[in-house]
Structures are given as structure tokens and as C-alpha cells.
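**Q** Protein chains in written order, with the numbering used here: chain H, 36 to 594; chain C, 74 to 275.
It is possible that part of the hints are untrue.
To be verified - A short, non-exhaustive set of chain C residues, derived as facing chain H with CB atoms under 8 angstroms:
{"hint": "1", "residue": "Q98"}
{"hint": "2", "residue": "Y109"}
{"hint": "3", "residue": "S193"}
{"hint": "4", "residue": "R197"}
{"hint": "5", "residue": "G246"}
{"hint": "6", "residue": "A250"}
Unchecked claim - Label-pair distances were calculated between CB atoms; the ranges are:
{"hint": "7", "chain 1": "H", "residue 1": "R46", "chain 2": "C", "residue 2": "A136", "range": "43 to 49 angstroms"}
{"hint": "8", "chain 1": "C", "residue 1": "D90", "chain 2": "H", "residue 2": "R216", "range": "25 to 31 angstroms"}
{"hint": "9", "chain 1": "H", "residue 1": "A206", "chain 2": "C", "residue 2": "D93", "range": "16 to 22 angstroms"}
{"hint": "10", "chain 1": "C", "residue 1": "A120", "chain 2": "H", "residue 2": "G173", "range": "27 to 33 angstroms"}
{"hint": "11", "chain 1": "C", "residue 1": "D236", "chain 2": "H", "residue 2": "A63", "range": "22 to 28 angstroms"}
{"hint": "12", "chain 1": "C", "residue 1": "N163", "chain 2": "H", "residue 2": "L80", "range": "41 to 47 angstroms"}
{"hint": "13", "chain 1": "H", "residue 1": "L188", "chain 2": "C", "residue 2": "Q128", "range": "51 to 57 angstroms"}
{"hint": "14", "chain 1": "C", "residue 1": "D236", "chain 2": "H", "residue 2": "A217", "range": "47 to 53 angstroms"}
Calculated from the structure, these hints are not laboratory results. Yeah, the Cβ is synthetic: ideal placement off N, Cα and C, and Gly gets one too.
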Amino acid sequence: MNNLQPTCDPRHIEGCLNDSLSDEERSAFEAHLEVCPACRAALELSAGQPDDWQRIRTFLSSDPALPLHGAQLHRAHSGSLSSGEVGHNRADLHSTDSEAVEDAQREAVDSVLSHLAPTDDPRMLGRLGGYEIAGVVGRGGMGVVLKALDPALNRYVAIKVLAPQLATSGAARQRFAREARAAASVVHENVVAIHGVADSGPLPYFVMPYLRGSSLQKRLDAHGPLGTSEILRVAVQIAAGLSAAHAQGLVHRDIKPANIMLEDGVERLKITDFGLARAADDASLTRTGIIAGTPQFMSPEQARGELVDSRSDLFSLGSVMYAMCTGRLPFRAETSYGTLQRICDAQPQSISEINPEIPSWLVAVIGQLHEKNPDARFQTAQEVTHLLEQCLAHLRQPDVVPLPAAVINLIEQSKRTPTRRAAGHYAFHLRRAASFLLSDRIRAVSVATATCAAVAFVTAIAIRWWPSTETAVSPAAPSSVANTPGSAATVPEYADEPINRQPGSAGPFRPIFVTPSAIWNDDGIASELNQLQSDISRLESRLEDHPPTPEKTRQERKP
Amino acid sequence: MSPSPETRPSLLIRLSDRSDQAAWQEFASIYTPVIYRLALRKGLQHADAEDLSQQVLSAIAKAIDRWQTDPARAKFRTWLHRVAQNQIINALTRAAPDRAVGGSTVMSNLNEHSARMPDSDLIRLELRREVFRWAANRIRHEFRSVTWNAFWLTAVENATIEDAVQRLGLSSGAVYAARSRIMRRLKEKVCEFDDGESELPS
Chain H
36 MNNLQPTCDP RHIEGCLNDS LSDEERSAFE AHLEVCPACR AALELSAGQP
86 DDWQRIRTFL SSDPALPLHG AQLHRAHSGS LSSGEVGHNR ADLHSTDSEA
136 VEDAQREAVD SVLSHLAPTD DPRMLGRLGG YEIAGVVGRG GMGVVLKALD
186 PALNRYVAIK VLAPQLATSG AARQRFAREA RAAASVVHEN VVAIHGVADS
236 GPLPYFVMPY LRGSSLQKRL DAHGPLGTSE ILRVAVQIAA GLSAAHAQGL
286 VHRDIKPANI MLEDGVERLK ITDFGLARAA DDASLTRTGI IAGTPQFMSP
336 EQARGELVDS RSDLFSLGSV MYAMCTGRLP FRAETSYGTL QRICDAQPQS
386 ISEINPEIPS WLVAVIGQLH EKNPDARFQT AQEVTHLLEQ CLAHLRQPDV
436 VPLPAAVINL IEQSKRTPTR RAAGHYAFHL RRAASFLLSD RIRAVSVATA
486 TCAAVAFVTA IAIRWWPSTE TAVSPAAPSS VANTPGSAAT VPEYADEPIN
536 RQPGSAGPFR PIFVTPSAIW NDDGIASELN QLQSDISRLE SRLEDHPPTP
586 EKTRQERKP
Chain C
74 MSPSPETRPS LLIRLSDRSD QAAWQEFASI YTPVIYRLAL RKGLQHADAE
124 DLSQQVLSAI AKAIDRWQTD PARAKFRTWL HRVAQNQIIN ALTRAAPDRA
174 VGGSTVMSNL NEHSARMPDS DLIRLELRRE VFRWAANRIR HEFRSVTWNA
224 FWLTAVENAT IEDAVQRLGL SSGAVYAARS RIMRRLKEKV CEFDDGESEL
274 PS
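Same shape as in the complex, but just chain C (with noise of 0.2 angstroms):
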């Protein structure tokens, strides 16, 4: 059963409460890698582009500090998206580009490929992307391994159903349920995050 978001708020809107550490941790632990890796595209070094993503990261706790309580849930996360994304875009177009000069061409082409690209579907992008991996993390226990190995094979790595039967001993049936199971459970783990309301594109 999917926890409806009456039992169990998303993580977007715990985070409106600002004694619940564990959901900033979460939320934190999702952005930080986000910002970290659109920072690098930019051309940041490691240890600013580590300096940015803490530095975004306060910028949205002074920023949610900042909200005031409003009855409509819902605005509270798209809010918050906007911020986020703001707060990314200013500290990405502010920092000073720090990249090397040199090297070959082909690296500046695809550098600037990627300064081209739309600052806010990128940072989507790499926010979902993020927030699968950390729902997969985060359910991944939940499963024996054989039922999870059966779920990345079939539904990630793209193995057919009789490579998966072989490799792993179970039944064709077994696999269906099992990656099914876990696909069902992954949906709902993403929705944690915002309860699926489409922020994010597809």
C-alpha cells in the first residue's frame, strides 16, 4: 500500500518543520550530489564545487527558515522547488569559472554543450536521477538479494527474463513478481520525496 500522504508527509513537506533534522539530512544528502555534479559540469574544482554545494544548501535552510506557514501544502513544495532551483542557478552563474583553459577540443565542445543546455531542465535532470538512486538505496534492503538481483537484471541492466531464470536460479514467475514488487515499492519510495506531484519531469 502506497502511505497516503495524510499518514506519511513527503520529505519536501516534513522539511517546512524545522526540528526534523532526519528530513534536511535526506533532503541534503539528495541535493548535495546534485549541485555537486552540475558545479563540476560547469568546470568548478572539486573542493569549490564542494564550497557551492554547502553554500546552496545554507542559502535553502536560511531560505525555508524564512517560510511562512501556509495552509496550502502544496505551494510549500513548489516553493521550495524554486527556491532550490534558484539558489543553484544563482550560485552556478556567479561562481567564477575555474575551469583550464587548453586541453582538447573536444572537452571545451562538450563544456560548451553543456553551459547551452537549460540550466533548469539540467538541474530536473540531475535531480531525478539523484532521487532514484537514493530510493533505491534506501529500499534496497527491504529485499533479499536474489529478488533485488532479479529486479536489476531484468528492469536496469535490460538482461531478458530467461538470462536473469539462469543466472540466478529462480523461476520465471519468481522474477515477474519480484521486479514488479520492487518497481511498485520504488515508485513509492520516489513519491516520499514529493509525493510524486510532478515537479520533476518525466
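Just chain H, same shape as in the assembly (with noise of 0.2 angstroms):
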């Protein structure tokens, strides 16, 4: 039989037992170890005697411990594995993406299960230190939540526990436990209490009380989004947490409505996690190079892998009230990449469209906390509550408490937030109806003039809404603009930039948003814009087949 098979080769055994052959020594050896019994045999001879095999086979067959995944024999099933064992190219990555942090959860909770200590207490699953286990209440990126009781205290805790595959490295055990440590150091009642931290032993847990009650993600979930006064209250009390954390020097880094805790029945509150997000960062980027939880709430300096300060909590902060006002989140996109960029890049859907029923200054508070520039925002966390609770106290009593002043100021400014919203919106799609244009010339010619139109439009409407802003927005700019297509692409510098309205300057006001048609109301001009903007939808629609080319091509091509 060997003679037949010209591939037999004793080094590819040893060299598939440390799987030291390149990928296409492994398929050939793989093929070949399909029709050649001797190199079967030998190969198992050399992993292991035979009464290796038949130990393995008693010693670990009994042991429900590790149990095969049943998704993976699931997928499998499925055919979205391929048969070869190389498969990983990014593609591959992207669609699996959900799929595999689902995957890596449901193992770190068996996992986690399978460490523990039997209990002879039949209504536990078992033992971690001094704690029965009573069952699994949460999962997620970096970890299990485990409700326990304490025998010496009889008081149920909820321990969460780092995931055993995280925990195998040293720097991320290490920053779970001093994470957990400052974390214990705020005391604050809108903040969860550790009562403990162990980070010897297989699995590194802290001990927390236990809350009876839902996430704010599960409530919005299921109840939609809330009502003025909730959310109000509810943002009252992150806000305090955060400043009492913040005034340590601590900061959340992965504020999310899953980690507000609403206490059963009250309106109150208590914030998980403090700090956890870095250490699973820490540890799951170098396990995986996937980003560890969700980024739909994170700050855009968080986004760019910037230094974050205590201001990225009140980012994130405006994404969780914005998704109690709307039950939406702020930023939307399909892959994790595409949210990170919108997070940078894009303004959320104006809350009074989705809901109408929210207090235009409630959304200006909500405005000013997405600032994308940190130096915009409000400062601090304290800032913000004191703010809030003014708000709050203005919503029960509107005869007796006036608004705030700074709210007012804001509202000032968002009557004209929601205009240079509007031509930033103009402008972001015009950028990817540009980028489009730029690297895809050949077909581009008539729909570059439509573009050039729309972009001395908003150019327009820039000039005629702040007729005094020279500073902002210079007139040379967009005449040059209009007279050469290939510099379309400049369009967004300056509808990105701050315009400021002089006081004073004539012109009427009336809050606008994206319809053109509310910005005009001169008939003329409307209707051209109208046209204007249908171009622009039949543009973006042959958009949706074409990726945005990369911000440096375009940077390229510029003339």
C-alpha cells in the first residue's frame, strides 16, 4: 500500500503532530492521510500509544465537564465552516463576527461552569471560594455574572466572574482585580458596591450585591422608549454616579444602557462595571483582535483609539439618554467598523423626529453632550447632574422653576444647531456622492454637475442664512468649488466648521431640519431644491452598491 502513495513521508507526521507544515502540506498530508491506512497508523502510533488512547477514553468520557459545543456541531451542520482548517480571511471575520462573540459567551459561561467546585447543596449548580452558585444571570464580553449565596452572611451577592480564557493572561487578571479595586473605592449610592475582589485561582471574580430588577437595556427593550420625566431621572443618577467616580479619576469607558442597572419598582439606579471595559480591552485584544462589547456607545476618542478622559462617560452618557428618548441607538451601521465611523463622523437622527413628544431642550442638552470635539461638550459629570436636576425640577414645577439658564443658551444655539446639521448632512452624502465620483469617472460627468449644484446649494444657504460670517464660511471658497468638479470633495471642511452667528444679524429663524422644503419657503428655489435633492437620493441609491472609497485616495486625487 505505502509504494502506491509516493507522499508517504515520515516527516509530515511529526511535522502534522506540531503542526509545523504550511497550509498546503497539511491539505496534502490531510488528503493523503485519507487514503493511506499505514500513515494513519502511524501517525496515531506516534501521538500516542495505544493505551494512551484508551486512558484518554476513561479518564475524560465521564466527564460532562466538557462537553462539545453544541453551536459549533450546529454551524457546521449548517455549512458555513468550510472543510478546510485555514479558513480565516476577512470576509470570513466579518460575518462571523456576531456570531462568534455569541459563540465565545456561550463557551466563556461553560467555561466558567466547569470550574467550579461541586456543591452538595442540590438547588446549587456549585462552589467558587465561600459562595454557593445559584445560577447564571448575565454573560458578555469579558466575563459571567453568577448569583451566589453568601452562607456567612445569607444574603445573596452577584459575583462576576473574568472568563477563563481571558484570564490566562497575567496583565489582564491583573488590571481586572485593580480595576476592581478602585472600582470598590467609590461609594456612591448610584454606583454598584463591591464587596469583594479574589484574583488567585483559576477564576478571578469580584463579589457585588444583588439587585433585583432589570438592565435599562432590557426595560428599552421591552418597553420602548421612555418618558420625559424617566429619562430625566434616570440621566440624574448616571450623572451622579459618574462625578463621584469621575472625582476619583476613574472612568466608566463602556457607559451602556446594559450597564445601568434599574433597581425593581424604583427609579433608582446603580451603574455596573466600572472600569472593566479597559481590562477587557486589554485582555481580548490580545487574545483576538476583535473589539471586546458593544461600540454603539462609545465616545468618537474612544472610537479613534484615543487617550479617553472623564468627558468620553458624558458622550456616552447623551447615546444612552438619546436611545431612552428614541429606543433607538444613536449610531447605526451594520459591522462594528461602520458604527465606529458614524460614531466619528455622522449626526444622529434628530431626536424630535423620532420623537416629537421630547422637550427641544432636552434634545439641546443631548446635542451638546454628542459633541464629537470633548472641549464642546459639558466639562464635567457634576455639571451635567446639576444641570439635569434643575431640568427635572423645572418638569414638575414649570410655573414655580424656570429653566436653566445654560439650557436656555443652549436652545439658543440649537435653533441653528439643527441648519449646520442639515448641511452637514447635505455635505456628508455629498462627500460619498464625491468619493464616488472621484474613483469612478468615467460614467460621472453629468452627475458631477448635478453635485457641483448641490454643493454651491449649500453653499448657498450658507451664505444667505449668516450673511455676516465671513470668518466661516469665505464666499471664494465655494465659487471655486462650483467652477471645478474634482474638488467637490472639499465640501465638508467647511460645513464641518463651527459657524458662529453674530447676534443681531438679520434673518428669519425657524427651527429646520433635513427636508429642504423647511428650510424654503420660497417656491422657486424649493423646487429646485427639490429636484436637487431627488438627485441626490437617486445618487446615494447607486451608492448603497459601492463601498465609500478610503479617506486617503480621495485625499489623493485631489487636485
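Two chains, two separate frames, one set of hints: put the complex together.
**A** And the structure:
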């Protein structure tokens, strides 16, 4: 038999066992194994003696602690896993991102449970340290939350366990313990207390009070947007908790509805998971290169991987408030990468459009929290707490308590902001259109003209609406833009710039959103603008098939 | 490549270095369930069994502290095994058998049977089992789950190769390769415990 197989090579057997074969060699060897019983036997023999094979069967078979992964088997069944062992391409990773996360979480639960010491209490799952584990109440990117009974004090506690696959890295364990200790030093009614930290042993964990109730995330999923006063009460408490933590120099980094625990029946909440995002980042980045957790509530500076400070939490607070107002995520995209990009570049859809019941001052406050530039946001959580408390008082007794002056200022600004946003919105699409055109000039000429007209129009709007702002909108810029199709890509530069309206400048004022007809009453211009908008949507529909050109290419092509 | 003892001392040898906390953690994580299960077999209650495993471990730790460094490394392993074994047997024979009287005759027969079994063999068997579980748990994350499942189905659960091929969507060659690779790695890991010096019965 052997001599019929020219590829019988004992070195391949050793290489296969050491995992030192190249991919081609390995697939060749695997194909060879299928037809060559001699090599199969040799392989199994050099992997282990017959009684080795017998031994693992006897020692491991009765062990329920290492079951098969149901999910994996299922996935293999449905054929989305290729038969090749090595198929790791980018597209693969993208399409299976969420599945991979699901699997990892399930795996984490399994492996945490398998690490529990046995218990003789039939109602319990096992023991961890001195605690009797009663069940699994949650799982996340970095670990598993267990409900446990503390027999010494006869009370229930929640135990957050670092997932065993993350606990293999010493750095991650240390950081986990350090952050948990830092979080334990924050004592505030809106921050979950930490009873204890254990960082030795196979499963590092920390112990928190067990809260009856659900997370804000579950509340939003089940009941949709909240009422205005509820939103304010929740936001005030989040801000208060944040301000206590920030006073200690602790940044949360992962403020999101799932980390806000609402207590049962009463409107009191606690923020959980302080600083753990950083520990998770450490651990999972070194392991898989996949971003831990959900990026939807990140701040732009976080999304860009820059240094974050306490103001990053305020942006996330803005996103949470947005979610409470609308029941939707402020920044959504199909992939994590897309979401990160939107966080950095795009404005969320206007809250008033989605939920008209939200008062404009609250929209303005959220807008201020959502400023991309940290310097333009509120600067401290304390400031936000104070402001929101006043707003809440105003909401309860509108006749007695006026809106705080800072909020009134914001409303003044926000009257301008939607216009600016509208311009930004157009600019965003124009930028996409322009990049598309630049990357594909052949069929672009006619459309380019339309685009340029649109560019000129947005500029015209800007000029007409801010007649006295030479600094922000230079009349020279738009004309040059209109003349050279290639430079359409320069539009966003001024559209993104702050436009300061001089006090007392002329011009009719009303809140304006993205529909052009709302901007202009003037019929002639309105119809023209409508035409333009339909052009843009046509462009957009064609754009769906074309991914935006990367930033770099665009700049290179700029004349 | 199996890490040679020179570059990677076995867990048991690392224990002789008293500052090696990680080695002790691993050692304790293997021995605790062994002692616990043995104690349960003896009819001890859960809490007593836990206490007992703590006692035994602290006795072993103290014994290691008393160990004088000796150039002959193999002796440390042998010695440690003996210490552990003696401590367990001592503790188990000393511990008051707190087992419930009554119940089914089957149960008491079983208890008697386990009591008749020579303790040292039982200890070795339980230890062996635990070392394999420990090793499997530790190496599992080094492999993709299809690979692991191919190994688990065919080598442990005794499924046929065809069955595994069908359930996992791998080629049979890949299944053969996968399970042998893991077998090799598992053996290496088990050797990390005690260099495969057959203190443990097969």
C-alpha cells in the first residue's frame, strides 16, 4: 500500500503533530491520510501508544465538564464552516462577528461553570470560593455574572467572573483586579458597591450586591422609549454616579444601557462595571483582535483609539439618553467598523423627528453631550448632574422653577444647530457622492454637474443664512468648488466647521431639519432644491452598491 | 515538540520553588477535587470534605517548606507524591466517618466496597483522572473548536470517523490529523504535571 502513495513521508507525520506544516503541506497530508491506512496508523502511534488512547477514553469520557459545543456542531452542519482547517479571511471574520461573540460568550459560561467546585446542595450549581452558586444571571464580552449565596452572611450576591480564556493572561488578571479595587473605592448610591475581589485561583472574580431588577437595556427592549421625566430621573442618577467616580479619577469607558441596573419597582439605579472595559480590551485584544463589547455607545475619541478622559463618559451618557428618548441607537451600522465610523463622522438622526414628545431643551442638552469635540461638551459630570436636576425641577413645577439659564442658551444654539446639521447632513452625502464620482469618473460627468450644483446650493444656503460670517464661510471657497468638479470633495471642510452666528444678524429663523422644504419657503428655490434632493437620493441609491472610497485615496486625488 | 524538562520544569518540580505561586495554584486545583472526591466516597459531608481538602493541602504545603533542596530532582517528585498520599490517607482514616446510617443496602454495600479498595490505588486513579481533566481544560483553548470536537467525538466519545466527518463537516483526513495533534498535545500537557515519570499508574 505504502509504495502506491508517493507522498508517504514520515517527516509529515511529525510535522502534522507539531503543527509545523505549511497550509498546503497540511491539506496535502490530510488528503493523503484519507487514502493511506499505513500513515494513519503511524500518525496515531506517534501521537500516543494504544493504551494512551485507551486512557483518555476512560479518564475523560465520564466528564460532563468538557462537553461538545452544540453551537459549533450546528454551525458545521449548516455548512458555513469550510472543510479546510485554515479558512480565516477577512470577510469570514466580518460575517461571523456576532456569531463568534455569541459562541465565545456561551463558551465562557460553559467554562466558568466547569471551573466551579462541586457542591452538595442540590439547589446549587457549584461553589466558588466560599459562595454557593445559584445560577447564571448574565454574560458579557469579558465574563459571566453569577447569582450566588453567601452562606456566612446568608444573603445573595452577584459574582462577576473573568472568563477563563481571558484569565490566562497575567496582565489581564492584574488589570481586572486593579480596576475592581479602584471601582470598590467609589462609594455612591448610584454606583454598584463591590464587596470583595479575588484574583488568585483559576477564576478571578469580584462580588457585588445582588440587585433585583433589570438593566436599562432590557427595559428599553421591552417598553421602548421612556417618558421625559423618567429619562431625566435616570440621566440625573447616571450623571451623579459618574461624577462620584470621576472625582476619584476613574473613567467608566463603557456606559451603555446594559450597564445601568434599574432596581425593581423604584426609579433608583446603579451603574455597574466601572473601568472593566479597559481590562476587557487588554485581554481580548491580545487574544483575538476583536473589539470587546459593543461599540455603539463609545465616544469618538474612544472609537479612534485615542486617550479618553471623563468627558468620554459624558458622550456615552448622551448616547444612552438618546436611546431612552427614541428607543434606538444613535449610531448604527451593519458592522462594528461602520458604527465606529459613524460615531466619528455622522450626526444621529434628530430626536424630535423620531419622538416629537421630547422637549427641545432636552434635545439640546443631548446635542451638547454629543459634541464630537470633547472641549465642546459639558466638561464635568457634576455640571451635567446639576443641570439635569434643575431641568427635572422645572419639569415638575414649570411655573415655579424656570429652566436653567445654561439650557436656555443651549436652545438658542440648537435653533442654529439643526440648520448646521442639515448642511452637515447634505455634506455627508455629497462627500460620499463625490468620492464615488472621483473613484469612477467615466460615467460621472453629468452627475458631477448635479453634485456641484448641490455643493453650490449648500454654500448658498450657508451664505444666505449667515450673511455676516465671513470667517466661517468664505464666499471664495464655494465659487471655486462650483467651478472645478474635482474639488467637490472639499465641501465638508467648511461644512464641519463651527459656524458662529453673529448676534443681531438679519434673517428669518425657525427650527429646520433635513427636508429642504422646511428650509425654504421661497417656491422657486424650494422646487429647485427638491430636484436636487431627488438627484442626491438617486445618487445615494447607486452608492449603496459602492463602498465609500477610503479617506486616503480621496485626498490623493484632490487636485 | 515536547518541552524538555530542562527548559520547562514539571509542575511538581516547580513546587520545590516556594515562591512559584502559580505552580502551587495549579497543584492545588488538581489535588483539591481529588481529595474532595475521595472524602465524599468515604461518606463525608460536603463541608467536611472541603475542610479536609484544605487541611491536606496545607499539610502538603508545610511539608514542602520542610523539604531540603537536594540535587536529585526526581527525588522531590517521588517524595512529594508520597507525602501527598500519606496525608490523604491519614486524613481520611482519622476523619470520623460521618456517613448517614440506614438508606438502601445497595448504598452501604457500595460504601463498603469503596472502603475495601486499597486507598493508595484509589488515590492514584483519582489523581490520574484529575490530571487528564486538568490537561484537557488547559489545552482546549489552543485549538479551534472543530478540531477539538473532532478529537472529542472520535477519541473520547468513541464515535466513528464517518460520524465525525458528517457532524463536523471535515474531511476524514482532517479528523485523523486533528485528533492525533490533540493527543500529542494532551500527552505533553500531562507530562508537564510530572514529566510523565510513571508515578501514576496506567
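**Q** Would you mind marking each hint as holding or not holding in the structure?
**A** For each hint, the structure was consulted:
no., hint, in the structure
1, Q98, "holds, 6 angstroms"
2, Y109, "holds, 7 angstroms"
3, S193, "violated, 18 angstroms"
4, R197, "violated, 12 angstroms"
5, G246, "holds, 3 angstroms"
6, A250, "holds, 5 angstroms"
7, R46(H) x A136(C): 43 to 49 angstroms, "holds, 47 angstroms"
8, D90(C) x R216(H): 25 to 31 angstroms, "holds, 28 angstroms"
9, A206(H) x D93(C): 16 to 22 angstroms, "holds, 19 angstroms"
10, A120(C) x G173(H): 27 to 33 angstroms, "holds, 29 angstroms"
11, D236(C) x A63(H): 22 to 28 angstroms, "holds, 25 angstroms"
12, N163(C) x L80(H): 41 to 47 angstroms, "holds, 42 angstroms"
13, L188(H) x Q128(C): 51 to 57 angstroms, "violated, 25 angstroms"
14, D236(C) x A217(H): 47 to 53 angstroms, "holds, 51 angstroms"
Going down the numbered hints, you'll see the structure goes against 3, 4 and 13, while the others check out.
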